[in-house]
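2 protein chains.
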Amino acid sequence: MIQGTLYVISAPSGTGKSSLIKALLKTQLSYNIRVSISHTTRMKRTDEKNGEHYFFITKEKFQKMIKHNDFFEYAYIFGNYYGTSRSINEKILNSGVDVFLEIDWQGAQQIRNKMPRVCTIFILPPSKNELMHRLYTRGQDSEENINIRIKQTITEIKHYREYDYIIINDDFNIALDNLKSIIKSRHLKLKYQMHRYDNLINKLLED
Amino acid sequence: MIQGTLYVISAPSGTGKSSLIKALLKTQLSYNIRVSISHTTRMKRTDEKNGEHYFFITKEKFQKMIKHNDFFEYAYIFGNYYGTSRSINEKILNSGVDVFLEIDWQGAQQIRNKMPRVCTIFILPPSKNELMHRLYTRGQDSEENINIRIKQTITEIKHYREYDYIIINDDFNIALDNLKSIIKSRHLKLKYQMHRYDNLINKLLED
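Chains as they are written, first to last, in the UniProt record's numbering: chain A, 1 to 207; chain B, 1 to 207.
Hints in this document: simulated from the structure, not taken from any laboratory. Among these hints, one or two may not hold up.
Where chains are identical, the list cannot tell them apart; a pair therefore holds if satisfied intra-copy or between any two copies.
As the list claims (entries may be wrong) - Okay, derived cross-link-like pairs now, BS3-like style, lysine-lysine, Cα gap no bigger than 27 Å in a straight line:
no.: 1; residue 1: LYS114; residue 2: LYS59
no.: 2; residue 1: LYS64; residue 2: LYS191
no.: 3; residue 1: LYS158; residue 2: LYS180
no.: 4; residue 1: LYS158; residue 2: LYS189
no.: 5; residue 1: LYS91; residue 2: LYS128
no.: 6; residue 1: LYS22; residue 2: LYS44
no.: 7; residue 1: LYS203; residue 2: LYS17
no.: 8; residue 1: LYS49; residue 2: LYS203
no.: 9; residue 1: LYS128; residue 2: LYS189
Just so it is clear, the structure is predicted and the values come from calculations on it, not from any experiment.
So here's chain A without its partners, still in its complex pose:
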């Protein structure tokens, strides 16, 4: 079995990253893709399911997993841990399935160091005005919180050069088509096609 590809998708807040991935998962593609489910130590909300939204675990268990080097990446944010399990995702990748990971530039940096063959994609908004509009209209935040979010967003965007691909999310369908093109073209590469069409190629080469 040929390994699936690990895709990392990063984007500033409000760029439509999650909607794109949701739409991608609904698309008919001729190969399997999955979204990675993170581990976290934060409390489960009532509308969340363990193993679906997150794997909810204790701090002790999380720290044990860190010790065993079982994270592609992890972060400690406002008193809680969030991380991407290495063993779970490697199992999925080894079964030939592609895995998508929505994480920020810091997580992406950690993963690049551990998985040099990761494919990284950065999504940008179509304009400064649109970005500001999205940041301002998201929730009922105070001016202060909005300013913090703008600063974080600019920091995130500064890291776009570390990614393999850039998608501009102006027209949603074009952005989705672009995302699909990246995945499709990877599957058209020699090593994937050789594996997939092994029988056909042997037949064609028979005298």
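We have chain A; now place chain B onto it with these hints.
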């Protein structure tokens, strides 16, 4: 201006390579692509136009171009030269336009040596039966000529491993979509998008 990509497309006879390229040129893409026009020393047929089907030149001129290293690749077939001009195609590539080249594995090998950044695509038929059917029903050839064509085809297919991408031409529209994915995904790579969205990115990063 960022350079266009040189694409080499090879395929055994009757795999639909020319139809795919023709359909690709009719497609709306957000970047420019062109098909390379070869030079040849063979006689122009009455329905052919110089500069459209081929550049028709004399043997003397062709040999002079060889001496001046002005071919990405050339071949001498049944008493005539056929070749791909380096200077003409480099001019097109330098203007940011992608160039498509339909050539066989021997031409592809020559180009790989001269242009390491070339992107090469091999097209395969969907089955041995389909391949045989296409080879037999093409024109009113003698049994002997058909056998020669089958041998050439198998030789051609043996070189599939030298290519970057493999497309199976079973359903024409899927094969065309695959071809487009390869081109699109290349344009989504960081260096192309950085160049294309230079203004947007600078604006986004302003305080």
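ask   = Between LYS158 and LYS189, at a C-alpha cutoff of 27 Å, which is it: within one copy, between copies, both, or neither?
value = between (31 Å within a copy, 17 Å between copies)
request  = Since the copies are identical, ignore which copy is meant and state whether LYS158 and LYS180 lie within 27 Å (CA to CA) inside a copy, between copies, both or neither.
outcome  = within (25 Å within a copy, 30 Å between copies)
ask   = Within a copy, between copies, both or neither: where do LYS22 and LYS44 come within 27 Å Cα-Cα?
value = Answer is within: at 22 Å inside a copy they meet the 27 Å cutoff, but 56 Å across does not.
Intra- versus inter-subunit Cα pairing at 27 Å for LYS114 with LYS59 = within (23 Å within a copy, 57 Å between copies)
request  = First find the shortest C-alpha distance between LYS49 and LYS203 inside one copy, then the shortest across copies, and answer within, between, both or neither for a cut-off of 27 Å.
outcome  = For LYS49 and LYS203, neither the intra-copy (48 Å) nor the inter-copy (40 Å) Cα distance is at most 27 Å.
task = With 27 Å as the alpha-carbon cut-off, assign the pair LYS203 and LYS17 to within, between, both or neither.
result = between (43 Å within a copy, 20 Å between copies)
request  = Classify it for me, LYS128 with LYS189: is the Cα-Cα distance of at most 27 Å met within a copy, between copies, both or neither?
outcome  = Between copies, since 22 Å is at most 27 Å while 36 Å is not.
message = At most 27 Å between alpha carbons: which applies to LYS64 and LYS191, within, between, both or neither?
response = Close neither inside one copy (37 Å) nor across copies (41 Å); limit 27 Å.
query = From the Cα coordinates, with 27 Å as the cut-off, is the pair LYS91 and LYS128 best called within, between, both, or neither?
reply = neither (40 Å within a copy, 36 Å between copies)
Consistency note: the structure conflicts with the earlier hints numbered 2, 5, 8.
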